[in-house]
Structure formats: C-alpha cells, structure tokens
Amino acid sequence: MKLEDLRKIREQAAKGLSLRTGEARIKVIVGMGTSGIAAGARDVLAAFLDEISKRDLRDVMVTQTGERGLSSSEPVVEVRQADGSVIVYGDMTAKKARRVVAEHIVNGNPVSEYTIEVRTE
Amino acid sequence: MTRRLDVLVCSGAACVSSHSAAVRDALFREIESSGLSDEIRLVETGCMGPCELGPVMLVYPDGAFYVHVTPEDASEIVEEHFLKGRPVKRLLWEDPEARRIVEGKKQVPFFEKQKKVVLANCGRIDPENIEEYIAANGYEALGEALTQMAPNEVIQVITDSGLRGRGGAGFPTGRKWQFVASATGGTKYVVCNGDEGDPGAFMDRSLLEGDPHAVIEGMTIAAYAVGASRGYIYIRAEYPLAIKRLQIALAAARKAGLLGEDILETGFSFDIEVRMGAGAFVCGEETALIASIEGERGIARVRPPYPAVRGLFGMPTLINNVETWGNIRHIILNGADWFRSIGTEGSPGTKVFALSGKVQNTGLVEIPMGMTLRELIFDIGGGVPNGKRFKAVQTGGPSGGCIPEEFLDTPIDYESLKELGAIMGSGGMIVMDEDNCMVNIAKFFLEFTSDESCGQCVPCRVGLRRMLDILKRITSGNGRMADLDLLKHLGKMIIETSFCGLGKTAPNPVLSTLKYFHEEYREHIEEKKCRAKVCTDLITYHIDEDTCRACGVCAKNCPAEAITGEIGKPPYVINEEACVRCGTCLEVCPFGAVKLESGAL
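Chains as they are written, first to last, in our numbering: chain F, 1 to 121; chain V, 1 to 601.
Bear in mind the hints are in silico, worked out from the structure with no lab data behind them.
C-beta: ideal position from N, C-alpha, C; glycine also.
Be a bit skeptical, because a hint or two may be false.
[Claimed, not checked] Calculated pairs, DSS-like style, for lysine-lysine (alpha carbon to alpha carbon, straight line, at most 30 Å):
{"no.": "1", "chain 1": "F", "residue 1": "15", "chain 2": "F", "residue 2": "54"}
{"no.": "2", "chain 1": "V", "residue 1": "533", "chain 2": "V", "residue 2": "556"}
{"no.": "3", "chain 1": "F", "residue 1": "54", "chain 2": "F", "residue 2": "95"}
{"no.": "4", "chain 1": "V", "residue 1": "244", "chain 2": "F", "residue 2": "15"}
{"no.": "5", "chain 1": "V", "residue 1": "116", "chain 2": "F", "residue 2": "15"}
{"no.": "6", "chain 1": "V", "residue 1": "113", "chain 2": "F", "residue 2": "27"}
{"no.": "7", "chain 1": "F", "residue 1": "27", "chain 2": "V", "residue 2": "89"}
[To be verified] Computed spacing ranges between beta-carbons, pair by pair:
{"no.": "8", "chain 1": "F", "residue 1": "86", "chain 2": "V", "residue 2": "137", "range": "53 to 63 Å"}
{"no.": "9", "chain 1": "F", "residue 1": "43", "chain 2": "V", "residue 2": "32", "range": "15 to 25 Å"}
{"no.": "10", "chain 1": "V", "residue 1": "345", "chain 2": "F", "residue 2": "12", "range": "18 to 28 Å"}
{"no.": "11", "chain 1": "V", "residue 1": "261", "chain 2": "F", "residue 2": "15", "range": "27 to 37 Å"}
{"no.": "12", "chain 1": "V", "residue 1": "75", "chain 2": "F", "residue 2": "8", "range": "56 to 66 Å"}
{"no.": "13", "chain 1": "F", "residue 1": "102", "chain 2": "V", "residue 2": "346", "range": "57 to 67 Å"}
{"no.": "14", "chain 1": "F", "residue 1": "71", "chain 2": "V", "residue 2": "385", "range": "25 to 35 Å"}
{"no.": "15", "chain 1": "F", "residue 1": "7", "chain 2": "V", "residue 2": "385", "range": "32 to 42 Å"}
{"no.": "16", "chain 1": "F", "residue 1": "102", "chain 2": "V", "residue 2": "36", "range": "21 to 31 Å"}
{"no.": "17", "chain 1": "V", "residue 1": "303", "chain 2": "F", "residue 2": "25", "range": "51 to 61 Å"}
{"no.": "18", "chain 1": "F", "residue 1": "102", "chain 2": "V", "residue 2": "261", "range": "44 to 54 Å"}
{"no.": "19", "chain 1": "F", "residue 1": "25", "chain 2": "V", "residue 2": "88", "range": "21 to 31 Å"}
{"no.": "20", "chain 1": "F", "residue 1": "71", "chain 2": "V", "residue 2": "557", "range": "52 to 62 Å"}
{"no.": "21", "chain 1": "F", "residue 1": "8", "chain 2": "V", "residue 2": "388", "range": "50 to 60 Å"}
[As the list claims (entries may be wrong)] Not close to chain F: a few residues of chain V, all C-beta gaps over 10 Å, as computed:
{"no.": "22", "residue": "62"}
{"no.": "23", "residue": "162"}
{"no.": "24", "residue": "495"}
Kindly generate the complete structure, drawing on both the sequences and the hints.
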C-alpha cells in the first residue's frame, strides 16, 4: 500500500465516521413521533435513506426528531442547510421524499408545493 | 442504505466491569428485532472518560449521552429514541448542580472544559477497526513523514513543539530523539513504556484500549526519525483488554502495509512486539524496564550510559511513555506552532489525568496545561461529593506529593507542581476530603513503595522500611515529636542516595504532608488524635446514653460481641477492650446513638 492508497481508503472510510462529526451540508430531520409514525414517517425516512444512499450523497445527514405538534400535516420533514435556512415539508410520502432529494437537496430548488414553513435560523 | 445513527457504547475497562457488554448485546438484539440493523450501527469504543457514570453510551448525530445504562433499558432506548426520535430523558446525564437534564454531550461541563487531543479518538472510534482510525486521519502523519520529511526534519518538528515526556519527569522529547539519532550502534530500538503502576492511574491503559493505532503510529514515526528497525511495547499483564486490542491493531497495521517490511512502499521497515510485564512497579523505571524486556530481573541499571546511548541489548534505545507517543502524530500533522498554542510556554500541549478519590466525576480527562487545579477538580471534576470539605489533592502517585487547599489556584504544569513539592507524574490525581487522614495517606503510599522496592540499594530497601516503621508508630499513638525530624532527615537522605527514581521520589508523599499538614502529625503524637477518625488505634466508639433506645441492633451486629445491654433498657454499652473498631454499630444504629471520637476522651 502506498500513501495514495491509504488516502483512498480514508476517503471511503471517512463516510463511516461522518455521523460522528456533525458536519453535514444538509440535515434532513424526519418527525418520528407517534402520530408521525402512524401517518407513515418510517416509509418516508426509509425513502430518504435509500435515495441518499443511491445517489451517494455524503454530505447529507438524516436524523429524526419527536412530535412537533403539527399532527394534521404529518409526516413532517425538516430540511436544514448549513447556512441556517430551514424548509419544512408536510404530508410527506415516500414518493415525495425522493422528489425532495432530487430537486431540493441535489439541485437546490425547494419543492414549494409540499412546503409548509420557511424560516432562517 | 445510509446509516442514520451511530450508537457508541463505551468499552473501556471501567465500563466493561459495570457490564457494558450486556448492554451492548441487549441493544443489538433490540435493534435487530425492530428491523433497524441497516440504519443503526453499534460501535464499541475506548474509554469516554466519565467512568463514574458507567456504563455510558453516546448516540450520534444527536450527541445524546446516556449514563448508568442497564440491559433492561435497551428496549426503551431503541423504541423511544432510535425509532421515534425521543431521547430517553431519565437516562440522560443530569448536571448534579443545576439539576437539569443535559441533552447533548457538548453541554456536559465534564466534557466542555476539556481539550481532547491525545484522547480525541477514545470514545469516538472502534479501536479494533483500523479503517475507523484511518478515517480519523490515521497514519497520515506517518505517510507525510515518510514521503515528505527527512528524519532530522521530523526530530526538528518534535523539538520545536516543546513536547515533554508525559511519563512524569518532563524531559524534552525532541532532545531525547536527537540523542538516539546521533548515537552509533547496530540495531536501534524504540520502546513504549506502558508499565503504568501508580495506584489509581489508568491513563495509559485507556489510551492503549481506546486508540492503539495512535501509539503504533507515533512509534513508527520515531523509528523513522532515529533510524530504528525494531520496537517493543512493554505493558502490564494486568491489562488484558489493552493487550488484546494492541495485538489486533498490530496485526491490522501489518496487513495493511503500515508496519513491517517496506512501510507504505517507501523502503522503510519497522516492526513492533508486545512484551508483558509481571506487575513490578520498578519496571516503570526505564533501565529496569529494559532489563525486563531482555529477560533479566527487573532492576535499575547505572545511568549514564543512558538508554539513548546504550539501552536495550546494549544498543541505542528510545523510550517514551504511552501518552507521549499519542501526541506525535498530532504534532506532525498540525505543526509545532499549533502544539505550542495549547498549554503554557514551558509546558505546551495537553495532559491526560485519571481523576479519582473524593470527587464527583471520577474518570479520564484531558486538559490544556496551565489550567488550575481548582478548575480541574471543581469544574470538570464537579467538586467533592456529599457536601464534604476539600482537603488535598495528590498528584504523581507514590512519587508525588499532596497539595493543600491554599494552592488550588496553581496552574498545572511541570514547574509549578514541582515547586509545591509534588510532581506532574504520569497523570494520577487523587482528591481527598476531610475524611482522609493525611498521616495515613502518607503511610499508604510508603507501604506501597517499600513493598515495591527492588531491594538493590540500601537507602531504598532499608530507609523506606524505617520511615514506614515510624509512620506506623505515629498512627498507632506511640509517636514522639522527634520522629518528625527523623522522618525529614531519612527522607532527604533516601532522595539523595537512592539508586533509581523509585527511591529518589518515594519519600515525597511523607515530606509533602509533613510540610502542609504538620498539625495533623502533631495531633497524632501529642493528643493521640486523628481528626479524620481513620487511624483505628486512635479512635473510640461509644453509645450516647440519652439517644440510645435499647433496640439491640448494635449488639446483634457486632462481630466482636463487644456490646452488652438489655432490650428496652437503655443504654447499651461498648466494651472498649473487646471493640475492634470496625464501625458496624455506627452504621446500623437507627437512632444515631453511636458516636465516633478521637483524642478528646
């Protein structure tokens, strides 16, 4: 093994540690409270994970949170960018999740028809 | 499938002994049965530090820090947190002062004030997985040194960084490397001193368990710099987990071409062997350690010649402590200026301490040099538990000294501690409160060192015994005031005339307590009083007539049958002749009628 090979291994392996650094360009937070799960949040989460993995997006972190109080709009998903802008999507499905990945996360255009809140932190 | 959670379960020796393995297995089962195996990865890491709170675990990316986890908690954690995203509040670490629940690891003051350099990977990566170490920039420093730096440039960076030996004496590391590089001889050796023997110290063990590759990388860089081809890691056989992880790490590094022949295809070859010590304290002394590796009896040899000139098998040998090795890769990667920006002018960098004794948060901490003792003990350590009063802190183990309250604002660096009659040492830090008798503490350490004396030289073998005899006399109430001068005289003589570091430092605990706690010695001698009520020959138990309800519990529990009385007819009476001063009656009395006194009677 040469130094270049070591660096290649690192690049691959670093993916495995990214969760523990908390440094991601985009964080996708899926609401996984009881009503969220009842409304299908697990499928939404699985779709996000699958799509992100398929596209090999390494700077995107998927995490979860509890109830946020918007039960009527569950499953609710929050997409946070490193610059502090936050888009909240409501009434999500697995299909919608894949579209959010393609249009918002990859191309940078939030999907306005699913958006229920826009804010900056 | 992308992983969304990393669950880090601490598997440092402290957590293992509080059954972290059962917690890990329970979590594994729950994660499997909930169908989350693809999304969640369970990782065993090295020591996270707060051993008091074990078993501990960390969940990323949220950074939730769980403490005192039991296998029974696993289903709730998986169901509530991993599945529904609601951290289990009752298991999160709670700040004892503010009585608030802390949700993220970053907010815990225990972690907040620390500066993790050497321990950065401990508790973050899986020590048995070389890929995780590589991902955390592992072996990059070795690669850079081998491909972009000449050996003397490597030594220059270490010299410029001002790194000093973390084993305790604080000798400039760069200078040591230079000596070995300039020495002539056939095979040169690099040795890691992992013979951590101080009571209450577990810095080296934790680093070897939590990040073994860092030590291997540091040694390999040094081997390149000084021109060595063989290395030894000398480690206590009492550290089985550290040995196991080291061996896994060595095998993985060899397999990856990072150790052994033609490292990283640069033509440089170096290999490391593990040698186990049999638990003799003196083998932490470098020449005794060398003798032990050679298969000889572990006793010190005359210096000079120093090991740098004539060491292992008579060849030039570079010996550094585990923590020193752990610093090397960071200095190569980040540069000497970066290292100097941490800590103080004379003592740059960080220091790892094993905080133990009468302190709220016992465990493993790493701080920038120059932090005061007060900050370390009260902010990070959380102060003395149970509302007791702080009395002293002991640094440097059996070679160190006790520092009283008035010096708590002393910065932690090599020189400041030495000035107080203590030493930096390898990092043991034992906190004592009003319930500790300082004479008894001095006796404890002297019992240890006189037991561990190799017997080679008279001052250490005989002198320490005589000092111990005197201390035993004082703690049993038969001391004379002239004993105090005799102790000082003997101590000074042993320091001046002993052959090796063991004897040269062993009187320190006695001399420092004599200096700062003279009054306690005087009380033991003149008033036959032990104010901490520890020395059994100087204490008496008696039952207060007015408080005693004659329930008979004390008499029933007394192992010496020293208490007499009749149920319902107070008071019960302790026969002092028969009493063995075990304190059982005091513990069991439901009315607080048993009193413990010293001196005044």
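* Cβ distance range 53 to 63 Å for residue 86 of chain F and residue 137 of chain V, holds or violated -> Given range 53 to 63 Å: violated, Cβ gap about 32 Å.
* Decide if the proposed pair is consistent with the structure: residue 533 of chain V and residue 556 of chain V, CA atoms, cutoff 30 Å inclusive. => holds (24 Å)
* To do: Would you check the hint for residue 113 of chain V and residue 27 of chain F, treating anything up to 30 Å between C-alpha atoms as holding?
  => Holds, at about 27 Å.
* Asked: Is it true that the CA of residue 116 of chain V sits at most 30 Å from the CA of residue 15 of chain F?
  -> Distance ~22 Å between residue 116 of chain V and residue 15 of chain F Cα, so the pair holds.
* Range hint 21 to 31 Å (beta carbons of residue 25 of chain F and residue 88 of chain V) holds or violated -> With a Cβ separation near 30 Å, residue 25 of chain F and residue 88 of chain V satisfy 21 to 31 Å, so the hint holds.
* Asked: Do residue 8 of chain F and residue 388 of chain V keep their Cβ atoms within the hinted range of 50 to 60 Å?
  -> holds (56 Å)
* Restraint check for residue 15 of chain F with residue 54 of chain F, where alpha carbons must lie at most 30 Å apart -> holds (14 Å)
* Asked: Would you say residue 495 of chain V is clear of chain F, with no C-beta pair closer than or equal to 10 Å?
  -> At about 48 Å from chain F, residue 495 of chain V clears the 10 Å cut-off, so the statement holds.
* **residue 303 of chain V paired with residue 25 of chain F, Cβ distance criterion 51 to 61 Å** => holds (57 Å)
* Asked: Should the label of residue 162 of chain V as a non-interface residue stand, given a Cβ cut-off of 10 Å to chain F?
  -> Residue 162 of chain V is indeed farther than 10 Å from all Cβ atoms of chain F, at 28 Å.
* Hint says 15 to 25 Å; check whether the CB-CB distance for residue 43 of chain F and residue 32 of chain V agrees. => holds (20 Å)
* Asked: Taking 30 Å as the top limit, are the C-alpha atoms of residue 27 of chain F and residue 89 of chain V close enough?
  -> Between residue 27 of chain F and residue 89 of chain V the Cα gap is close to 23 Å, so the pair holds against 30 Å.
When held up to the earlier numbered hints, the structure conflicts with 8, 10, 12, 14, 15 and 22 and fits the remainder.
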